[in-house]
Amino acid sequence: FSTTSNNTVRLSAFTVTTLSRFCANPRVGHLKRAVRLLGYLKKYPDHSVVYDPSPIELESIKWYKPPSNIFQIYSTDDPEPSGLYPGKDGTQLHMTVFCDSDHAHDASTGMSVTGYMVLVGSTPICWESRRQKTVSTSTFQSELIALRMTIEKVRGVVSLIRSFGSEVYTPIPILMDNQAAPRPRHRIASKARAFEKAAAGLVKVPV
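Residue numbering for the sequence shown follows our numbering, starting at 1400 and increasing by one per position.
Take the hints with a grain of salt, since some may be wrong.
Claimed, not checked - Derived CB-CB ranges, DEER-like: (1) VAL1427 x SER1537: 32 to 40 Å; (2) ASN1468 x THR1533: 23 to 31 Å; (3) GLY1428 x GLU1456: 39 to 47 Å; (4) THR1490 x THR1417: 32 to 40 Å; (5) SER1507 x GLU1458: 40 to 48 Å; (6) GLU1566 x TYR1463: 22 to 30 Å; (7) SER1562 x TRP1462: 27 to 35 Å; (8) THR1522 x ASN1468: 31 to 39 Å; (9) PHE1563 x SER1507: 38 to 46 Å; (10) PRO1454 x ARG1420: 31 to 39 Å; (11) THR1417 x SER1453: 30 to 38 Å; (12) SER1459 x GLU1566: 21 to 29 Å; (13) THR1536 x LEU1418: 22 to 30 Å.
These aren't lab readings, by the way, just hints derived from the structure by calculation. Ideal Cβ positions, reconstructed from N, Cα and C, are used throughout, including at glycine.
With the sequences and hints as input, model every part of the structure.
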């Protein structure tokens, strides 16, 4: 199940992750859902990830501009150890990130689920759907936790690309559902981490 979902049909990854939590003590309902997943994989055997280097068009989106005072608090440089990466080969890649959360998705624990997908060009290169480790009492809180988790992943992917000698266009757009944020300044932040990366010019989010 796990190998199939991760290597062929990314849309089934969340289902496999959820079902795997009940491997030790499964019920009839879990078996029915597993059979339904197998039916989905049988119905769409040719679904796969196709490489497309063209960037996603985002010209119509209005981007949020951080207040000027965050540049007085956080460094405007993205901290990366000098000499860590090989010489650049002149290649620059477009990255786009999609991020969202499902508030209180898990009925048994009340925990929310974070989901994100990282694309280089128009090709998804990594994705994840994972339960958050704390119970969020509002959609706003679960969205901010999802944003923080996504930014951490983005930093890792950027470091990996730089280790190959390539560079990434920055700031990297993170498309997310920010309607739950009560004030505009909250739409870019999950505490200090998002503010820091916004000030460094690594990421940006829509208004």
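Structure-inconsistent hints, enumerated in ascending order: As far as the earlier hints go, not one is violated by this structure.
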